[in-house]
Amino acid sequence: MKTPPDRPLTRNIHRGAPHFDIAAYERADGYRAVRDTLGKTEPAAIVHMVAESGLAGCGGGGFPTGRKWQLMPGAAQRPGPRYFVVNADEMEPGTFKDRLLLEGDPHQMIEGIILSAYALEANLSYIFVRGEYVTAIERLNTAIAEATAAGLLGQNILGSGYNLSIHVHAGAGRYICGEETALLNALEGHRAIPRAKPPFPQISGLWGCPTIVNNVETICNIPHIVRYGAAWYRSLGINGGLGTKIYGVSGRVNHPGAFELPMGTTLRDMIEHHAGGMKPGYELRAVLPGGASTGFLPADQLDVSMTAQTMAAHGTRLGTGTAIVLDDHTCPIGFIANLQQFFARESCGWCAPCRDGLPWVERILKSIEAGTGVADDLDTLEDMTGNLGPGRTFCALAPGAMASLQTGLRYFSAEFTRHIETRTCAWT
Amino acid sequence: MDLNHLHLDVDRTIITAQPGQTVLEACLSAQLDLPYFCWHPALGAVGACRQCAVKLFNGPEDHTGQIVMACMTPATSGMRLSITDPATAQFRDRVIEFVLTNHPHDCPVCDVGGECHLQDMTALVKHTQRRYRFTKRTHLNQDLGPFIRHEMNRCIGCYRCVRFYRDYAGGDDFGVFGANRNIYFGRATPGTLESEFAGNLVEVCPTGVFVDKPFATRFRRKWDMRATPSICPHCAVGCNITVQEREGEFRRVVNRHNAALNGYFLCDRGRFGIDFIRSPARLRRSTQRDAQGPGTPVAIPAATAALAELLRTNNVIGIGSPRASLEANAALRLLVGPAHFYAGVSDHDADIIATAITILRDAAVPIATPADAAQSDAVLILGEDPSDIAPILALSLRQSAQRPTSEALAIRQIPAWNDSAARRSAFGSPTPLIIATPMSTRLDDCATTCHRIAPAALLTLAAAIKTQLEHPSPADPTAIAATLRRASAPVIVVGGDSALMRAAANIVTTLRRKGIAARLSILLPEANSLGLGLFGAPPLSAALAAIQTGTAPHVIVLENDLHRRCETGPLEGTFHRIASLSVLDCIETPTTATADLAIAVGSFADADGTTVNQEGRAQRSFKAIFSTDDAPPSWHVLRNAGIAAGRLDATAWATHRELIDAMAANIPDLAACRALWPHTHDNIMQRPATLPHRYSSRTAVNAAANVREPPPFTNPDSPLGPTMEGLMPRSGLMPHVWSPGWNSVQANLKFPSAAEPGVMLFPTSACIPTELPLPHPPPPAPGILALPIRRVFGSDELSNLAQAVASRVGGPILRVNPADAATHGLSAGTRVDCTIGTTTVRRAIALDPAMAAGVAGLTIGVQGEPGLPLPGSLTITAIHPGEPS
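Those protein sequences? They're chains A and B, same order as listed. Position one of the first sequence corresponds to residue 0 (numbering that gives the first Met the number 0), numbered consecutively onward. Position one of the second sequence corresponds to residue 0 (numbering that gives the first Met the number 0), numbered consecutively onward.
It should be emphasised that the hints constitute simulated quantities derived from the structure, not laboratory data. Treat the hints with care, as some may be off.
Which bits of chain A does chain B cover? Going by a derived footprint, with three or more residues having C-beta under 8 angstroms, they are [stated by the list, open to error]:
hint, segment
1, 197-209
2, 335-348
3, 391-403
Don't be surprised by glycine CBs; every beta carbon is placed ideally from N, CA and C.
Put together the whole structure using the sequences plus the hints.
Below, the structure is given as structure tokens:
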């Protein structure tokens with residue numbers, strides 16, 4: 000066996016070099032896990048292995064992947080079609096990790112799908128890709144064609160008796176399609192609105208059939224877990240984290256980008272070491288650690304490790320693990336208003352609090368930013384963070400939007416008050 | 000402890016719920032006021048509006064609890080909930096505040112002000128203070144056609160309209176567009192809403208986005224209108240309606256909930272067709288032929304006296320009508336005698352009606368209500384498309400077809416109320432809806448199988464299904480029998496042909512023998528077809544034959560345009576022999592135009608009357624319109640003429656009750672009608688009040704003419720009170736469905752027993768029905784076999800007179816399949832002259848690729864056309880290719 004990689008997800012991705020075609024991918028030990036597994040390992044054993052690995056969903060929710068898979072009834076118990084769906088609708092502001100994986104190593108994606116779909120006894124898989132990811136779509140289609148020609152997709156794959164087809168579906172451009180049940184509605188040709196749960200997609204997903212939806216990064220881990228085992232995967236993390244994570248940093252840092260690091264790397268290490276620190280003349284004020292729908296961490300809390308548990312302990316979420324840095328030259332109210340404008344626009348319009356509450360939040364913030372805010376606005380905003388919170392709205396979009404507002408009201412309270420009292424923004 | 004009920008603790012009060020109910024349904028059933036928007040009793044729950052939030056505690060030790068949506072939470076025993084919890088109450092207040100951010104403050108000028116669910120819910124959560132200080136989003140409205148006016152700015156985004164229109168009613172020309180707060184409920188482009196159920200949007204919308212357009216032109220507030228329970232006169236389903244009037248003028252029709260029949264919905268023919276009573280074509284004045292010719296105005300007493308004069312001759316025949324009440328028909332029959340009373344319908348209709356009676360009464364075949372149809376687990380439609388004949392039945396059948404099977408729900412553990420999830424589980428495992436008709440139907444889109452078969456082969460198929468049920472064989476080409484055998488409560492819908500009706504009844508009988516609770520639904524042509532049929536009178540052709548053979552009689556025609564019933568030749572060839580023609584009617588027709596004596600009588604809304612629907616359900620409607628110049632009911636005129644002629648003693652039928660008793664004594668099948676509201680309280684204070692308690696300006700309405708308040712209108716026939724003094728009953732005969740704080744139609748929920756069930760004349764018995772012999776099929780006719788096409792808008796005599804409905808009537812068509820069209824050198828839109836019998840009518844060709852070969856469909860009921868002998872042999876006698884379609 001080859002020496003296991005310590006950066007499995009990006010091992011084939013090299014800046015400036017072309018992405019691997021199927022021959023290069025196979026030379027780099029690609030599709031080994033598929034060849035070793037199909038028809039040889041029981042599907043249930045793979046599910047068990049993924050559960051053992053502690054792999055958690057990398058799309059923002061962080062739900063344990065193995066547990067998600069185990070909730071899908073077996074093919075014997077639920078005869079009929081079963082689907083495996085890849086959520087490649089990467090639309091979270093500040094997040095660009097899935098794009099790196101799709102464009103950088105499309106065959107890793109395909110191999111992950113084959114193994115996952117085999118484990119879940121699904122014979123049809125859809126990749127729901129963000130429509131703007133034109134290059135990714137092209138490379139995925141090429142990779143699917145290459146894999147099909149090589150007998151790795153289609154009927155009776157490698158003589159195992161297992162069949163799988165993969166279809167690439169380009170999204171039409173709504174943030175809510177990243178929510179797995181809205182994604183399924185969109186895939187069925189309906190409006191992209193989330194579905195009530197229960198029933199969960201495992202029980203009644205695509206066209207009412209058992210369905211698993213996983214994020215790109217999550218699935219790209221599967222070939223490596225299958226090849227090198229759950230214990231190996233767990234050993235990759237540090238500070239209590241498991242495996243690796245593609246973290247990212249954007250904002251006024253010297254080297255913004257995405258980096259595959261051990262899960263549990265600290266925020267300070269990410270920003271100061273891997274992203275090269277703040278640009279000259281800029282100071283870090285706060286960080287949204289995991290995309291636009293996570294809460295702020297202030298500058299004095301950068302030494303926390305980036306795991307779901309520690310982030311929750313610090314009042315925010317790991318989210319997608321791609322941080323957005325707020326610097327001292329940017330108005331925090333303007334920053335939050337910009338985020339709320341995004342969420343208000345991307346609300347699907349299904350539930351009343353999100354549809355009508357978020358535009359209100361956006362207008363208040365813009366009013367404060369423009370110097371026309373009133374004292375009552377802060378109470379209204381505070382009230383919104385509760386009443387647009389979890390359990391109040393139909394899905395997690397509005398609660399996610401409220402994360403930056405709620406923490407922003409706490410950490411930037413003086414700036415909010417100053418805007419209202421001076422009737423102007425100090426940054427303009 | 001009662002195991003059939005669940006016990007829930009809501010704010011330390013124990014309420015009971017039915018298994019399968021949600022917390023919202025349980026709370027509303029327990030008369031607890033919990034606000035909601037997106038939920039609707041017929042549409043189920045989707046959890047969109049977030050208005051019905053309650054606090055759910057996880058066991059007795061939980062003091063924090065969590066907010067859940069009551070509509071999406073199944074009620075379970077031992078559950079502990081709070082509605083009054085402050086955080087939850089605050090959240091409900093915020094939801095109202097959110098939906099009101101864009102809602103205009105136009106309540107004083109809004110069409111639904113005072114009967115608005117949004118107003119009620121706002122008052123319920125005690126929301127008063129507006130904090131939103133920014134601009135509202137605004138929309139442009141669309142022209143949605145003659146029935147509905149669009150006011151999109153009022154929209155609060157509950158999604159009920161689109162869920163009703165698309166998911167429930169199967170419409171596809173209306174939807175939701177846009178996203179976020181910029182969602183828009185309308186059509187892709189402005190234009191008439193195509194669904195014949197569009198009018199329900201008026202009642203489905205919790206506020207004033209969809210407005211009853213004809214009503215808006217003669218608008219009055221809900222509390223300013225008299226409301227009277229009534230029965231729709233426009234088809235044989237007999238939907239329950241409420242007629243509202245003020246100052247003697249008809250205002251509008253709203254749904255009256257009847258769980259067995261129309262539930263919460265009406266079709267647009269019913270809702271908007273009743274406007275015919277305001278039509279210029281109403282017969283307003285009685286006229287008599289004198290030396291100057293016909294059309295000399297005559298007062299009712301003189302007209303009655305003239306009628307009495309005729310009766311004294313003892314040479315009178317009466318022709319009844321399927322659009323007149325039992326009372327009117329009974330009165331005429333009692334006056335002229337059974338031997339001289341004729342049904343006034345075509346031979347074909349008479350055959351259909353007589354067969355329906357044989358099936359219901361003699362063979363005791365169990366009949367399906369629309370509610371049964373909606374709940375059935377397999378449907379077979381034979382012969383005719385119910386969509387145009389019995390629209391509400393078709394809507395119910397659609398619910399059956401769109402419903403997931405119970406197995407599909409069970410394997411996913413999805414409760415039936417979870418609407419979106421339940422609909423999704425129907426994918427791939429639909430409830431069978433098999434349609435076997437000569438031409439395409441408007442239920443094809445939700446059918447599992449469609450067979451397009453000519454009538455003769457259809458009869459063979461129906462017989463073969465029965466044989467397959469008795470002796471299953473592997474060679475079952477259609478597999479219909481196998482599908483029916485797998486069902487537990489299948490429904491067979493049949494219409495159009497008496498032999499086919501018998502064959503369908505035999506399928507139900509065979510299924511019943513096998514222990515399967517099958518039911519039959521028979522499509523009949525008119526509101527009181529079955530009621531008239533029960534008098535056992537011979538058809539119109541027999542009347543014409545009697546006129547030909549006897550001494551020229553005086554003919555009294557009751558609420559019937561005979562020109563719609565038969566061809567012009569035989570009618571005119573006979574009627575020139577009669578001594579005189581007297582017609583009692585509420586509308587002007589070619590028959591009244593030629594009458595020697597035309598007596599203007601009241602419409603169904605001006606009189607108390609009973610009709611029998613296609614299930615055999617007798618239902619009573621009440622005088623709904625009150626004005627000083629009311630036309631009398633037909634039976635009053637007939638009674639008075641009878642007394643004057645000495646046919647009746649002076650006290651005969653002094654009351655409605657006595658007429659019903661006399662009818663019951665003569666027609667045992669109708670004896671059960673005596674059970675319909677037998678008690679009329681002498682004291683009007685003890686009667687249900689038809690004017691709302693908040694009725695305004697009672698003493699001022701006529702002040703310009705007379706400052707004294709006029710005495711109330713009296714109506715001894717009705718158990719209802721004519722004024723605002725009286726009872727507000729909570730069940731039974733309820734003119735108003737109104738509850739404190741619940742001013743909109745949603746108040747229905749407060750009165751689960753409000754439905755007036757009517758009386759089933761032939762109740763389902765436990766016995767196995769009798770099998771019926773099938774007649775030998777007639778020899779095939781030469782040429783093209785023409786079948787009648789009835790249309791929701793255009794084939795009904797009365798509703799066609801309503802202005803809004805008339806504007807929806809399409810041009811007359813001849814529907815043929817493309818191959819047959821090619822053979823005759825016809826293309827779509829070509830105008831042709833079609834000759835059936837001795838009558839020639841013009842039609843535009845419409846191509847239906849699904850049409851059985853050799854068969855053509857011909858729209859009937861076209862205004863001004865004579866009755867056509869359909870089904871019958873059709874010849875195309877002229878083609879007008881140059882004329883535009």
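Q: Return the numbers of the hints above that this structure violates; sort them in rising order.
A: none
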